[in-house]
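What follows is the residue order along each chain.
There are 2 protein chains.
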Amino acid sequence: MTTTVGTTTTTFDLGPAGALACRECGHQIPLAAEFACAECFGPLEVAYNFGTVRREDIEAGPRSIWRYRRLLPVPSDVDDHPNTQPGCTRLVRADRLAAALGVKRLWVKDDTGNPTHSFKDRVVAVALAAARTLGFTVLACPSTGNLANAVAAAAARAGWQSVVLIPSSLEKAKVLTTAVYDGALIAVDGNYDDVNRLATELAAEHEDWAFVNVNVRPYYAEGSKTLGFEVAEQLGWRLPDQVVVPIASGSQLTKVDKAFRELGELGLVEPAPYRVFGAQATGCSPVSAAFKAGHDVVTPVRPDTIARSLAIGAPADGPYVLDAVQRTGGAVEDVTDDEVVEAIRLLARTEGIFAETAGGVTVATAKKLIANGQLDPDAETVLLITGDGLKTLDAVADRVGPRATVPPQTAAVREALRG
Amino acid sequence: MTTTVGTTTTTFDLGPAGALACRECGHQIPLAAEFACAECFGPLEVAYNFGTVRREDIEAGPRSIWRYRRLLPVPSDVDDHPNTQPGCTRLVRADRLAAALGVKRLWVKDDTGNPTHSFKDRVVAVALAAARTLGFTVLACPSTGNLANAVAAAAARAGWQSVVLIPSSLEKAKVLTTAVYDGALIAVDGNYDDVNRLATELAAEHEDWAFVNVNVRPYYAEGSKTLGFEVAEQLGWRLPDQVVVPIASGSQLTKVDKAFRELGELGLVEPAPYRVFGAQATGCSPVSAAFKAGHDVVTPVRPDTIARSLAIGAPADGPYVLDAVQRTGGAVEDVTDDEVVEAIRLLARTEGIFAETAGGVTVATAKKLIANGQLDPDAETVLLITGDGLKTLDAVADRVGPRATVPPQTAAVREALRG
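Going down the list, the protein sequences come from chains V and C.
First residue of the first sequence? That's 1 in full-length UniProt numbering, and the numbers climb one at a time after it.
First residue of the second sequence? That's 1 in full-length UniProt numbering, and the numbers climb one at a time after it.
Chain V with its partners taken away, still in its complex shape (with noise of 0.2 Å):
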């Protein structure tokens, strides 16, 4: 729902953006550097002043998330300064997955376009923006994987110092994806719980320092909106029946489902129903454990799955994605590892798209909910494909290989081909 902003002042112009407000209370405070309702805790999300916004402004914008920038916490001047211009990714209409999967109309969200091969650069260039307008000057942030990547390279493009935390047991090529671009890249003795802690009380100490996912999270957030936003205008300015989200934190899942929502309200798109889907992996899966029990709230869980980049085991906008779900008539499934791994192949095999791990979780549940009549096979359905198959070789380094070794002529192959 677009909240309207009360009474509130700012100083900062973040364009349509007017206030945050707290989801639990609705208390509302100008625009900062906040994420925690003073009030009750609760999580702080950008409130709008929309006004009119048409299809027309937006198709005539830059091929990149900066198009709906009519839609976002930034200034109307944000393409002006060096940002790593992403979205505008591939959607493609998957027949051959269609049809292993047994379903009519499929499309298939490619993600792994962006700049860094996640859909992280879109977040990341939403909270270097805000940011900016904000006055940090250090672009930081605790991860694992994605992130990592997304914020050093949006830093390095932008002249800013960054920080980047991470765990020192991380893999050599995770770090070295990372490490290129340059900028502080701190390996910090202790688990992934523990740079998350380090990375909470520096923000308390820096007041300079933007960690992208702690105190700009609120602006942050909103970038997964572009998600939702392309694939509406991607089909023609309307949404899709069915979508089907991984969860981590659940924050891109409720973006999606917001990002649907404004635009019915905007005009932009015939308000539809839709329904919306979440796909967790059986290693991690509390938002699934929470909806198949028919809680309302999520219970913390150890993470142990190879879909690391969804490994969060207390997932902060759990409530809201079941929230989401419910509201929508939807569902939230979880997989197997080896489900996972055998979706990354499907996906791979029928439309020549190498996703990692948590796009495997994606095919992976969609192909569960169907077979358990939860997703309905006659309604248009789309995909979204996170991130990239290059980050984790791991998942397919034992299943898949050369069909055979053979001597350099033209007899051996043919009979490798026929073997």
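Take these hints with a grain of salt, some might be off.
Said to hold, decoys possible - Incomplete in silico selection of chain C near chain V, CB under 7 Å:
1) Arg55
2) Gln85
3) Ala153
4) Leu176
5) Tyr181
6) Leu185
7) Gly190
8) Leu346
9) Arg349
10) Glu351
Stated by the list, open to error - Far from chain V, by Cβ distances over 12 Å, these chain C residues were calculated:
11) Glu24
12) Gly51
13) Arg63
14) Arg70
15) Gly135
16) Ala199
17) Ala272
18) Gly294
19) Val301
20) Asp323
Claimed, not checked - With the Cβ distance kept under 7 Å, some of the chain V side facing chain C (calculated, not the full set):
21) Arg157
22) Ala173
23) Val301
24) Gly329
25) Leu393
26) Gly401
These are computed hints drawn from the structure, not numbers from a lab.
A virtual CB, placed ideally from N, CA and C, is assigned to each residue, including glycine.
Please build the complex by placing chain C on the supplied structure of chain V, with the hints as guidance.
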């Protein structure tokens, strides 16, 4: 130059493509899966009857290379068949890199955003479209990297069988990123020359196999024109003053030049002088050596460089590269592997773009051409970054890493940042 088709007739609908013409003797034959002139053994190239092509028609097209279908050897309904939808990648204004290099106006064409993260998706998509029209049913190639990924992915998406031949010594990561698409990946005991020779033999024996870079090469090569088309369109329908292009076979450079000429001849841009520069790694620099020696033929070399995607010791289009560079007033230069790695890091640090070794060759060569006065620092320049750093992590593995490893305490982080 736009070659006008003579009296030859053809039964294939490949859009504006009218014939194949020999680059050496001009002899024309009807459109077919041929790559060498029967008269003089010169290479065949697609000849067109363009008719009228308007900017509005292109701008109204899809957000992929198929917006340029009226300028490519593909049928008018090309986008009705499943393909990977490559192209429309970012053209990034690179002010921070410009400052580091000492030039005024610099752009980076970032082709890492393609479906399998290199420009090969462009050429393979055109090869697939032409191969379908010409009656092939299998998509094939010999490759050590980017091309293997692109062929396997495109075939999977189209529902075609693929046959990809690789040397059996290829690193596991490169094997995985092709094998995941589940085509027929065949490891060949031999070096890349053995694999290439095997491909040519197999192409002769199997009339339904389209080896993208062998028997359908004239169509495949045209795909590189889309890099030139996009740069011009993204600059607001005008040509840059200077462009720096990496050289492997040399085809990409000649096709970017061809694209710029076609745009001028068709009135899609104001015809204006531009200069084309070629970039090679010193460890495989036969074209640079010929340019510097003033030769018009290229003497083959045995490659020894980390820039493996450019390591073609006998570049088929070498003489045509020399033609294009000399005609436009450009140059060819080469850089050491150390310079390549430093340039990868420079591009990442200044613009947040992580390029593969070929991209390092382009940036390092631009730097050298500026230093030696061949590239005009006051003229607008475009650098082509054609592949992704995620695929050549080894190049930077020993050079980058965390700034420090610390205990999970804020004081330790502050201390590390001071150090």
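The hints, checked one at a time:
About 16 Å separates the beta-carbon of Arg55 of chain C from the nearest beta-carbon of chain V, more than 7 Å, and the hint is not met. Hint status for Gln85 of chain C relative to chain V: holds, with the closest Cβ pair at about 5 Å, below 7 Å. Annotation: Ala153 of chain C was flagged as interfacial toward chain V, and the flag holds, the nearest CB pair being 4 Å apart, inside 7 Å. Annotation: Leu176 of chain C was flagged as interfacial toward chain V, and the flag holds, the nearest CB pair being 5 Å apart, inside 7 Å.
The interface hint given for Tyr181 of chain C holds, since its Cβ lies 5 Å from the closest Cβ of chain V, which is under the 7 Å cut-off. At about 5 Å, the closest approach between the beta carbon of Leu185 of chain C and any beta carbon in chain V falls short of 7 Å, and the interface hint on this residue holds. The interface hint given for Gly190 of chain C is met, as the beta carbon of that residue sits about 4 Å from the closest beta carbon of chain V, less than 7 Å. The interface hint given for Leu346 of chain C is violated, since its Cβ lies 9 Å from the closest Cβ of chain V, which is over the 7 Å cut-off.
For Arg349 of chain C, the interface hint holds, the least distance from its beta-carbon to any beta-carbon of chain V being 4 Å, beneath 7 Å. The interface hint given for Glu351 of chain C holds, since its Cβ lies 5 Å from the closest Cβ of chain V, which is under the 7 Å cut-off. Against the 12 Å criterion, Glu24 of chain C stays outside the reach of chain V, whose nearest CB is about 30 Å from its own CB. With a cut of 12 Å on Cβ distances, Gly51 of chain C stays outside the contact zone with chain V, its closest approach being about 28 Å.
Listed as outside the interface, Arg63 of chain C is inconsistent with that label: its C-beta sits roughly 7 Å from the nearest C-beta of chain V, within the 12 Å cut-off. The Cβ of Arg70 of chain C lies farther than 12 Å from every Cβ of chain V, with a closest approach of about 21 Å, so its non-interface assignment holds. The claim that Gly135 of chain C lies off the interface holds: its Cβ sits roughly 20 Å from the closest Cβ of chain V, which is beyond the 12 Å cut-off. With a minimum CB-CB distance of about 10 Å to chain V, Ala199 of chain C fails to clear the 12 Å threshold, and the non-interface call is violated.
For Ala272 of chain C, the shortest C-beta to C-beta distance to chain V comes to about 25 Å, beyond the 12 Å cut-off, and the non-interface label holds. Distance check on Gly294 of chain C: its Cβ is at least 38 Å (rounded) from any Cβ of chain V, clearing the 12 Å threshold; non-interface status holds. A cut-off of 12 Å between C-beta atoms confirms that Val301 of chain C is not in contact with chain V; the least separation is 22 Å. Taking the minimum C-beta to C-beta distance to chain V, about 34 Å, the non-interface status of Asp323 of chain C holds against the 12 Å cut.
At its closest, the beta carbon of Arg157 of chain V sits 3 Å from a beta carbon of chain C; the interface hint therefore holds under the 7 Å criterion. The beta carbon of Ala173 of chain V comes within 6 Å of a beta carbon in chain C, closer than 7 Å, and the hint placing it at the interface holds. For Val301 of chain V, the shortest C-beta to C-beta distance to chain C is roughly 22 Å, which exceeds 7 Å, and the interface hint is violated. At about 31 Å, the closest approach between the beta carbon of Gly329 of chain V and any beta carbon in chain C exceeds 7 Å, and the interface hint on this residue is violated.
A distance limit of 7 Å between C-beta atoms decides the matter here; for Leu393 of chain V the minimum to chain C is near 5 Å, and the interface restraint holds. Hint on Gly401 of chain V holds. Least Cβ distance to chain C is approximately 5 Å, under the 7 Å limit.
When held up to the earlier numbered hints, the structure conflicts with 1, 8, 13, 16, 23 and 24 and fits the remainder.
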